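The lines below spell out each chain.
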Amino acid sequence: EPEVTQTPSHQVTQMGQEVILRCVPISNHLYFYWYRQILGQKVEFLVSFYNNEISEKSEIFDDQFSVERPDGSNFTLKIRSTKLEDSAMYFCASSAGREQPQHFGDGTRLSIL
Amino acid sequence: DQQVKQNSPSLSVQEGRISILNCDYTNSMFDYFLWYKKYPAEGPTFLISISSIKDKNEDGRFTVFLNKSAKHLSLHIVPSQPGDSAVYFCAANTAYGGSQGNLIFGKGTKLSVKP
Numbered sequence: 001e002p003e004v005t006q007t008p009s010h011q012v013t014q015m016g017q018e019v020i021l022r023c024v025p026i027s028n029h030l031y032f033y034w035y036r037q038i039l040g041q042k043v044e045f046l047v048s049f050y051n052n053e054i055s056e057k058s059e060i061f062d063d064q065f066s067v068e069r070p071d072g073s074n075f076t077l078k079i080r081s082t083k084l085e086d087s088a089m090y091f092c093a094s095s096a097g098r099e100q101p102q103h104f105g106d107g108t109r110l111s112i113l
Numbered sequence: 114d115q116q117v118k119q120n121s122p123s124l125s126v127q128e129g130r131i132s133i134l135n136c137d138y139t140n141s142m143f144d145y146f147l148w149y150k151k152y153p154a155e156g157p158t159f160l161i162s163i164s165s166i167k168d169k170n171e172d173g174r175f176t177v178f179l180n181k182s183a184k185h186l187s188l189h190i191v192p193s194q195p196g197d198s199a200v201y202f203c204a205a206n207t208a209y210g211g212s213q214g215n216l217i218f219g220k221g222t223k224l225s226v227k228p
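Heads up: the sequence lines are chains A and B, in that order.
The opening position of the first sequence corresponds to residue 1 in the working numbering, with each subsequent residue numbered one higher.
The opening position of the second sequence corresponds to residue 114 in the working numbering, with each subsequent residue numbered one higher.
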């Protein structure tokens with residue numbers, strides 16, 4: 001069964017550094033998402049991406065964050081100048097349509113020191 | 114801002130019995146509801162969904178019921194198996210209403226199925 005893959009599984013970075021989290025969505029999907037889950041809290045929406053542009057973003061997704069689909073398969077989340085509070089699990093998801101279920105990757109655990 | 118609420122943080126059920134997981138929501142604009150299962154160190158796995166035009170959807174051992182007037186949905190697992198032990202998340206969005214489908218999640222309910 002096709003799945004969403006995320007790399008790396010764990011990323012440790014010094015505060016203030018830039019990180020790039022990578023995702024390969026399911027190949028025939030058109031909608032792409034990033035979510036995060038801070039330890040002990042809910043899974044929170046960050047951003048959705050469709051037709052090569054951001055379609056929606058939450059208040060969390062400020063100027064520190066950016067997303068890109070550099071080629072036909074990868075979908076990346078970049079965090080510039082990381083902060084301690086960026087430590088969380090980051091999940092990528094994709095779906096075939098808005099009214100279709102989103103399928104999630106296993107996440108990247110981001111630890112900011 | 115708790116638009117999707119799962120008020121039971123945990124549930125323990127005997128193998129073979131029915132598990133009922135509950136979810137309430139406050140936003141009447143939600144039109145698509147999903148249940149996900151999550152094991153430790155894995156991402157949420159899609160289980161079953163229901164659109165607001167239905168009140169029931171069934172897939173094997175899993176059935177989701179939607180009561181729009183009460184803004185309540187539930188997931189029934191029959192019969193429960195030890196492998197069902199996981200955290201279950203309820204999620205909702207306004208997919209049919211024109212948004213790009215970003216999901217609002219509940220806090221999750223940890224289900225333990227005892228042999």
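Don't read these hints as lab results, they were simulated from the structure.
Note that the structure is a prediction, hence the values are computed from the model and not measured.
Don't take each hint at face value.
PhoX-like, lysine-lysine: derived pairs with alpha carbons at most 25 Å apart [unchecked claim]:
| hint | chain 1 | residue 1 | chain 2 | residue 2 |
| --- | --- | --- | --- | --- |
| 1 | A | K42 | B | K220 |
| 2 | B | K184 | B | K169 |
| 3 | A | K78 | B | K184 |
| 4 | A | K57 | B | K118 |
| 5 | B | K227 | B | K181 |
| 6 | A | K42 | B | K151 |
| 7 | B | K169 | B | K220 |
One-sided and incomplete, this derived list gives chain B residues near chain A with beta-carbon spacing under 8 Å [to be verified]:
| hint | residue |
| --- | --- |
| 8 | M142 |
| 9 | Y145 |
| 10 | P153 |
| 11 | E155 |
| 12 | K169 |
Backbone N, C-alpha and C fix where the C-beta goes; we use that ideal spot for every residue, glycine too.
Now for the hints, and whether the structure bears them out:
1. A:K42 to B:K220: holds (5 Å)
2. B:K184 to B:K169: It holds: about 14 Å lies between the C-alpha atoms, which stays within 25 Å.
3. A:K78 to B:K184: Violated: A:K78 and B:K184 sit about 37 Å apart, past 25 Å.
4. A:K57 to B:K118: holds (22 Å)
5. B:K227 to B:K181: violated (32 Å)
6. A:K42 to B:K151: holds (13 Å)
7. B:K169 to B:K220: holds (23 Å)
8. M142: With a closest approach of 14 Å, the B:M142 hint is violated.
9. Y145: Constraint on B:Y145 satisfied, holds at 6 Å.
10. P153: violated (11 Å)
11. E155: Nearest chain A Cβ about 5 Å off; hint holds.
12. K169: violated (17 Å)
Violated hints, listed in ascending order, are 3, 5, 8, 10 and 12; each of the other numbered hints is respected by the structure.
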